[in-house]
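Please assemble the complex out of the two chains, which come individually in their own frames, going by the hints.
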Amino acid sequence: MNLKRSTKRHTVRIVLLLAISVITILVAASIGSAGIGLRDEVQILVDTLLGRPLSGQLNLISANILLNVRLPRVLTAFLVGMGLAISGTVMQSILKNPLASSYTLGVSSGASLGAAAVMMTGISIPLLKSLTMSFVGFLTGLLTVFLVIMFTYKLQQNLENQTIILVGMVVSLFMSAILTVFISLAQDHLEQIVFWQMGSFSGKGWDKVWLLLPVVVFVIFLLMGFHRELDVMTLGEEEAMTVGVDVKQVKLATISLATLLTALSVSIAGVIGFVDLIAPHVVRKFFGASHQWVLPASALFGGVLCVWADLVARVVLDARELPVGAVMALIGAPFFCYVYFSKQK
Amino acid sequence: MLQVKQVSVAFNQHKIIQNISFSLPYGHKLAILGPNGSGKTTLLRAIDHLIDYQGSIKLGGKEVREMKRAEIAGQIGLLKQMSTSYFPYTVKELVMQGRYRRLKGQFFGTVDRTDKEFVEKCLVATGFQDMQDRRIDSLSGGQLQRAFLAKTLAQDPKIILLDEPTNHLDIYYQLELLDYLNDWMADGEHAVIGVFHDINLALSFSKEMLFLKAGQIVNQGQFNQIVSGQFLEHVFNTDVLGYLRRNEKLWQTIK
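From first to last, the protein sequence lines are chains A and B.
So in the UniProt record's numbering the end of the first sequence lands on 345, straight run, no missing numbers.
So in the UniProt record's numbering the end of the second sequence lands on 255, straight run, no missing numbers.
By construction, these hints were calculated from the structure, which means they are not laboratory data.
Treat the hints with care, since some could be wrong.
As the list claims (entries may be wrong) - The calculated lysine to aspartate or glutamate pairs, modelled on EDC-like cross-linking and capped at a C-alpha distance of 16 Å, are: (1) A:248 / A:160; (2) B:104 / A:246; (3) B:68 / A:246.
Chain B with its partners taken away, still in its complex shape (with noise of 0.2 Å):
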């Protein structure tokens, strides 16, 4: 279990996100939304250590800035958005980045059966077992989101953070990276945490949300006990809701 309590990360004094608290339970899935500059990747990145914060992140019962990096990354996955290299890796070589943690312990790096078998079982789950040799320079927007999906699945992590991965895809690839968040979860051990921008695609991710607005929580909860338009106008500003049903009547002229 992921469990955030009284979280606050503060730049030169000032301060993106405030008392931040939260608990998640391996099985679930949680979706961050609130308008840009809430705080939603300082979040994320308070979670996975990358940035220090004041407060307590714990995972398993254990503090998060009190362990390694290779021992937060058994814990912790980070999925962001669009990565690029200018280094021509292979898919394949890629994907076995993620199991950095456990091949630092053999000798010179060396990848052995087990690696090889987990880093295949990754690649046919993402669905690159027939193009793990392509250079990743090649490859289309989605296909590279799905790579580094496969890379983070690879590092066999407990729960992966999603910072708004589907941001430059297409339809059919957003909707085909939270089918393959479904499958990972499916097992009732990990958990899943994603920041959107999309509040109908996050609704497609889970319905269990935290709303933040100026660095801290103004709502958690279940979609349909929290959310109303008047709390939508609030949080972004906007009538988010006459939006949404802008062309309502336009989509029921079509068939």
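The shape of chain A in the complex, shown without the other chains (with noise of 0.2 Å):
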């Protein structure tokens, strides 16, 4: 077996990804109350995507449901999956620390501290509107990392793994612990934040995908930039200083990155745990290590993941959704299980 070969097989499984990426966003788009099927899907979008009236049979209502209902929804389900994988598999390697993740620093208490203020005061922006929680709990998740960062710095200027973790950890819970005054002061206001926290995807409209699906895709181009760095830093940083990497500018640079992608995907679809901690473990049993092919792998895998916990959480009760976070973990313990340890006999 040589390099080549090695190459050649991860491309293959890459394009068995994307294919399965495609099939599940199509399945999960035709399943619900509203049954419709592949075939008239199909043709919906072809249609659609031709700027042509609908063909012959097809229903107005379904094409409706399909095109502003579901379609948007599993998209942001996907794209904010790839993010929060991608975003995983980074902190992961970056902080030498197969638990890390964005949360691990406080992305999540931070997002949601700000969007129950924003729940709790009522206020709106003007320009945003609607969008003012997803906006305050966007800034104040990446504003909490950004405070985990300096603090760290202060205390260490080579901003050593260890100390990151535990300075985001700290923080972590220190807004956490604040949020829970805060419930615990505007009891009125508990059910819609815990809602919040619990994560869902509903009722999300392509204003989510067009928000999404630009700064998705092009941190991830600018991750990938980054797979030698993040390949070399896994050793540890003394071991990636020795080669020629300069380790401090990287971890800002790829910290930064991830903690937008966690950030914005917390702020759409809430708090959505588990897929940033399996998907690149699932994935290097498949890929090997190297980040050239683990970081886009993880990207489609966590967006398949979401896709599939979103499905489940609104079809498996009739009349209500499952907090999707929990349905994720649900779905991803036993299958993360089976991956990691069948495969490691």
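Written out as structure tokens, the structure is:
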């Protein structure tokens, strides 16, 4: 076996993952209380893309549900999954810790606090209106990680991994404590805040897709440019410095980009855990450790996982939806155990 | 040539090494010895500018602290005690990491023919030609250390620093590692500095020695000119020669 053969094998697997992603999106969009057959779905999509009227027997209501409700929701789930998974991959590698994620550095607690503040005060930024909560959540999520990095820098100019993680955990717990105090003082908003924290893709329209798509694609592209640095840094910072990596610069750039993706995802869909943890681990079992493959594969796998979790969340009960964060863990945990431990034998 | 002049390193005002000076021309090897805590590893880390130092460390006439990381990587390679990784790279992927300095200048870090050939050469030199697709977490301790040596060679540095790299290796692999480095140095354009615990192994590596104690140089020079039983006892606070000779008679009784 040589490098060319393994490149070929990994390319085939990426193409396979791409195909699985497309099929997942189509299948998920076709399933729901109003069933739309796959053939009809494809026909509706083709007709719409070509800008021609719907073919003969196709139902206008089905087309409306597909194009304005299901498809944007599924695509939002896919993009959020991509963002979270690639962010988790980067954090695990850069912090050389298989349990690390942006959440470790306080994105979710910061964003939750910001979103809760908007819910409780009812403020609305004139230009943003309904997007105010997402925007504030996004900013407070980013700000929290910025605080963590600045505080770590004050303690240690070389930004040691353990210190970043420790400061992240402390700040995260601190933010959660403030949130708990807020909730206990304003119980009227308890349900709203708790549901927001559980994560949901319900009612996500094309505006979210158009917001996510360019950012997720562009940031993934930028992070791919760091694949060599990420490879080297998984062996430790001194190893990386020895071969010529400017560790501090790379760390700041990659953590910022990964945080941007997580903060955006959380601000749009709430807190959805687990995908950032398991996607990179599962992908490494099939693609090895090289980030050239692990980054794109994690993104695709994360997207697929999120879409399936959302699908289960919305169809398993007739009357109401389950929180997608919980469903993700319910599907993800056994799947992760199966892949991780069966491949280890 | 490496020139180290009046180098000191302190952590929290506590001096770990003080006023270290020596020079090492290309084509030479230097063994650094001393008891635990004498500052051997700190000295190597200062030379590679992994930590800040006072004084001057020059490579080819240029101060190391003024060089960028990539520039230092082109001059100095560091092989530490056993490194491990949770992440399952193949041997070839690991060795390719040594080429980072060159790859980062290429579009999306693409590997070209020069890198491939260089890595291939390093893999062959370290005996990995038939195992380059083995995952590093499936290698034995000796093989893993050899893979890291291949990675250091792939970096193509002028000087290699060894930080007790033979710890945890059996005698066969210890000597094998030193043989690889001797071959690498044969062209007279490279140099190696090795930190050792084992005085016998240090002697197999180089007759040129530098002894450290409590962060300072006790003596440096050719082994037979500077070392005596009394000197070793002073450096290591124990009768080293007595220890080395303890089993001499027993060795003479076997074939």
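Structure-based check of each hint:
For the hint pairing residue 248 (chain A) with residue 160 (chain A), the CA-to-CA distance comes to about 9 Å; that is within 16 Å, so the pair holds. Under the criterion of a C-alpha separation no larger than 16 Å, the hint pairing residue 104 (chain B) with residue 246 (chain A) is consistent with the structure, at around 11 Å. For the proposed pair residue 68 (chain B) and residue 246 (chain A), the alpha carbon gap of about 8 Å is at most 16 Å, so the pair holds.
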